[in-house]
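Protein chains in written order, with the numbering used here: chain E, 21 to 546; chain Y, 21 to 546.
It should be emphasised that the hints constitute simulated quantities derived from the structure, not laboratory data.
The list cannot tell twin chains apart, which means a pair is met if one copy fits it or any two copies do.
Listed next, the in silico DSSO-like pairs over lysine-lysine satisfying Cα-Cα at most 30 Å (straight line): (1) 252 with 201; (2) 484 with 538; (3) 252 with 219; (4) 112 with 462; (5) 332 with 538; (6) 219 with 259; (7) 273 with 247; (8) 332 with 38; (9) 193 with 145; (10) 247 with 145; (11) 193 with 219.
Number of protein chains: 2
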Amino acid sequence: MIAWKNMDALASYQDLLKADRVNIAEAMFGEAGAERVKSYSVPMGEGMDFNYAARPVDETVLAKLAAFAKEAQLTEKYAALYNGEVINTGEKRMVLHHMTRGQQGEAVVADGVDKRSFYVEQQQKIAELARKVHSGELTNAAGETFTTVVQIGIGGSDLGPRAMYLALEGWAKVNGTHKMKAEFISNVDPDDASAVLGKIDVARSLFVLVSKSGTTLETLTNESFVKDALAKAGLDASKHMIAVTSETSPLAKSADYLAAFFMDDYIGGRYSSTSAVGGAVLSLAFGPEVFAQFLEGAAEQDTLAKNEDLLKNPSMLDALIGVYERNVLGYPATAVLPYSQALSRFPAHLQQLDMESNGKSVNRFGEPVDYVTGPIIFGEPGTNGQHSFYQLLHQGTDITPLQFVGFRHNQMDNDVLIQGTTSQQKLCANVAAQIVAFACGKEDENRNKYFAGGRPSSIIIGDKLTPKALGALLAHFENKVMFQGFAWNVNSFDQEGVQLGKVLATRVLKGETDGALKVYSDLLGI
Amino acid sequence: MIAWKNMDALASYQDLLKADRVNIAEAMFGEAGAERVKSYSVPMGEGMDFNYAARPVDETVLAKLAAFAKEAQLTEKYAALYNGEVINTGEKRMVLHHMTRGQQGEAVVADGVDKRSFYVEQQQKIAELARKVHSGELTNAAGETFTTVVQIGIGGSDLGPRAMYLALEGWAKVNGTHKMKAEFISNVDPDDASAVLGKIDVARSLFVLVSKSGTTLETLTNESFVKDALAKAGLDASKHMIAVTSETSPLAKSADYLAAFFMDDYIGGRYSSTSAVGGAVLSLAFGPEVFAQFLEGAAEQDTLAKNEDLLKNPSMLDALIGVYERNVLGYPATAVLPYSQALSRFPAHLQQLDMESNGKSVNRFGEPVDYVTGPIIFGEPGTNGQHSFYQLLHQGTDITPLQFVGFRHNQMDNDVLIQGTTSQQKLCANVAAQIVAFACGKEDENRNKYFAGGRPSSIIIGDKLTPKALGALLAHFENKVMFQGFAWNVNSFDQEGVQLGKVLATRVLKGETDGALKVYSDLLGI
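All chains, full assembly: derive it from the sequences and hints.
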């Protein structure tokens with residue numbers, strides 16, 4: 021029987037508060053430090069490891085975190101989730117994104133169908149369409165193949181799929197699986213759609229309209245833009261557009277679309293990269309086999325997340341160290357720093373995933389909590405960030421925990437030897453150096469050149485950013501966010517905080533404003 | 021006589037701590053709120069205004085901030101800076117980026133030349149080259165015009181120019197001044213250069229190598245990549261490459277470059293968008309006239325920043341309200357949220373500008389300070405962010421001040437009417453709605469749908485994102501960061517915090533490691 025309790029009601033949390041602080045600079049020093057780096061590591065499969073040597077824990081803190089994991093029933097809560105309990109209490113919905121890539125527990129039936137079968141069926145329908153497009157069986161009216169796929173969506177229908185596409189574009193090119201170029205239109209700013217439409221050949225483009233409800237204002241507006249452009253080019257829009265939506269939406273059975281693929285209410289936008297939302301654009305761009313590998317990598321992490329042993333469960337461990345940093349040590353933000361240019365938009369996706377899931381002030385019963393919850397998440401790829409905001413991370417007055425990601429090999433075949441080392445070696449040398457610099461610091465009589473150290477980080481080290489590795493990375497962070505939500509006893513699967521702005525914006529557009537809102541509307545020329 | 025004192029040594033700061041807190045939700049309510057929005061606004065010129073109605077100040081706090089500005093001698097310190105005093109005490113250098121776009125005070129002579137003349141001369145040389153390229157007087161060996169300009173640089177040589185290019189690309193296209201497409205190579209990750217080289221026609225590309233010292237590892241490595249690609253295409257690299265560097269660097273007089281344009285030690289990378297660093301790529305991309313307008317917009321803000329009256333000085337006012345939010349109210353981060361897709365990378369540039377400048381723990385004399393300094397800066401364009409991390413901003417446990425930017429008109433001609441309004445109107449309605457939602461919140465018996473409000477924001481409202489408006493925006497934030505650095509008594513113009521990582525990375529590449537650093541190097545396969 022699961023007890024959903026606030027974190028501060030748990031004896032193990034109160035005990036955690038009493039743990040002695042770990043001095044990272046000391047712990048990481050010398051041979052003991054070397055041993056620590058070797059042992060504070062959890063295999064993730066696929067040649068990947070989660071190394072947490074430079075985070076502020078020791079055997080005592082880890083034991084207390086394990087006790088907390090047990091008392092908070094994290095494993096049982098995860099099982100409840102994948103077995104189809106109504107975990108999204110705010111919206112009274114199950115949470116089934118794991119099922120898009122595997123079945124971790126019991127069969128879940130909803131809306132009269134087995135949900136695993138439903139998601140697989142959508143993948144198969146997408147795969148079939150993608151094969152027809154790639155083979156040239158399905159072409160434009162002039163009999164030309166489609167060369168570009170354009171996703172029209174916002175938030176979860178944009179950030180995740182876009183980050184995943186960018187992560188694999190280079191890999192696909194050198195591996196001969198780059199079937200179509202993908203572009204993305206998201207913002208209601210009309211210049212967004214204009215810019216994308218200005219650089220593609222609309223006659224050879226397929227557009228994927230993604231909206232669960234079929235009513236998202238930004239997305240429908242951008243669809244109009246695209247339809248205008250197709251009409252101006254003398255093309256039949258219905259032969260260029262695909263819908264990804266729920267079965268009950270107005271888009272589901274419309275003749276305006278070449279095909280419709282379905283998602284459902286059990287998958288939140290920010291968790292939808294492995295559903296048809298990511299599936300359509302990624303299968304068209306890279307082929308369904310690549311998308312299948314991506315799902316496989318995610319499924320393996322989902323399985324690993326079931327492990328009750330905290331030290332063998334990287335996403336749970338990452339989650340709880342994060343809770344310790346946030347609630348016990350009081351750090352307000354976390355930076356995500358992938359040493360891979362392909363992951364350029366991965367931090368933006370995690371920013372959404374994490375901040376929209378756990379940026380809550382009430383528990384899952386709607387009662388205010390007395391502790392801080394989700395941190396601010398931000399980040400950019402290294403080494404770029406080193407020449408930008410790392411100054412503050414090293415020498416600023418606040419401490420920000422860091423999540424590094426690095427790969428031994430780059431994705432594309434090309435590299436160059438300068439001063440005896442390759443660029444990839446330089447990239448890896450930099451991330452190794454940064455971890456130690458943040459952890460250990462450096463004494464200097466000149467205080468301006470002094471580094472206090474004691475700045476925590478972990479790193480996920482992989483062999484290469486392949487589709488499977490990307491799926492693993494994504495699922496690691498999804499599951500980390502889930503476990504943190506369980507720990508904080510919040511509902512990580514609704515987003516009521518986005519509603520008020522929508523309501524007020526609608527009021528402005530209807531001219532039903534007064535007070536400050538009216539003046540701002542006037543100033544903005546609406 | 022200027023006294024460089026720590027903030028907490030000033031009586032006016034101690035007085036500021038005693039000010040009653042402003043209840044934003046109350047202040048913004050009803051007709052009084054409407055009046056506040058009308059009056060809490062400072063003209064910036066160029067049809068732009070800085071509106072701070074939703075920030076946590078009132079007449080009392082503003083009066084105390086004005087007293088603080090006076091006691092901290094912010095105006096005098098700015099004058100000292102533009103008159104050529106050695107403000108960058110750590111590196112013992114003057115700080116002259118304002119002089120790239122105008123002369124606010126006395127003539128400054130250094131290295132035997134008048135610096136204003138020096139910067140203008142570089143602009144003229146760049147303009148001359150750009151005109152030759154655009155007119156077809158200067159072509160590739162086959163007599164074809166150059167169509168693409170590729171900037172090779174990192175940090176300040178990348179983020180600012182890239183953000184500015186993206187900000188004006190759409191505008192230039194509809195205004196007939198999009199002369200060349202610009203691309204950027206920055207990361208030492210070899211896949212970054214491979215990806216860019218894979219999508220351009222190298223034969224018709226000009227490369228701008230940007231490195232002040234001529235020794236930046238990432239940049240030289242990427243130059244090699246490009247030279248390899250040019251050689252493979254049978255092209256003479258020296259006919260395709262331009263250098264932007266200091267006069268004393270090895271690149272300055274090398275026959276490897278078609279031309280060299282100069283910067284100097286008085287302009288930090290993150291302040292170099294208005295120098296030759298931004299000038300070369302932006303003049304080639306959009307023409308020298310557009311770059312000149314951009315400079316003009318910046319210069320006007322620099323002049324405005326001289327105003328001793330805090331309420332008529334938007335960058336100083338923005339700076340001091342930020343200090344109040346950071347040090348008195350204790351908010352650790354600030355989000356930058358432009359409602360303009362063209363400003364997609366502007367927050368990343370400000371992240372560097374702000375965090376690298378003011379992420380310091382020591383004052384300008386190298387003594388530790390007893391107060392917090394620069395906040396974390398992050399952001400994405402709206403409306404995209406609304407569907408991503410705004411959940412936490414609205415309902416998270418911490419408060420994050422917000423800096424909105426919005427424009428009455430979009431840049432490109434195209435728009436579409438849906439449900440009676442244009443996309444641009446929807447965009448503007450959303451930003452107006454967000455300010456009020458954050459400030460005023462909403463009562464709800466269901467605590468999950470309750471918004472506490474009291475979340476501060478300001479907005480810069482402009483007419484359209486033109487080159488002049490962009491220059492104004494950039495200078496506003498540069499000057500804001502400068503004034504905050506003065507307030508905190510830190511040196512905003514060095515970056516010693518980036519050094520340790522460089523030193524350790526070099527050690528890794530030489531194989532001179534031990535302890536934790538050696539194990540990380542092994543794990544990363546170096």
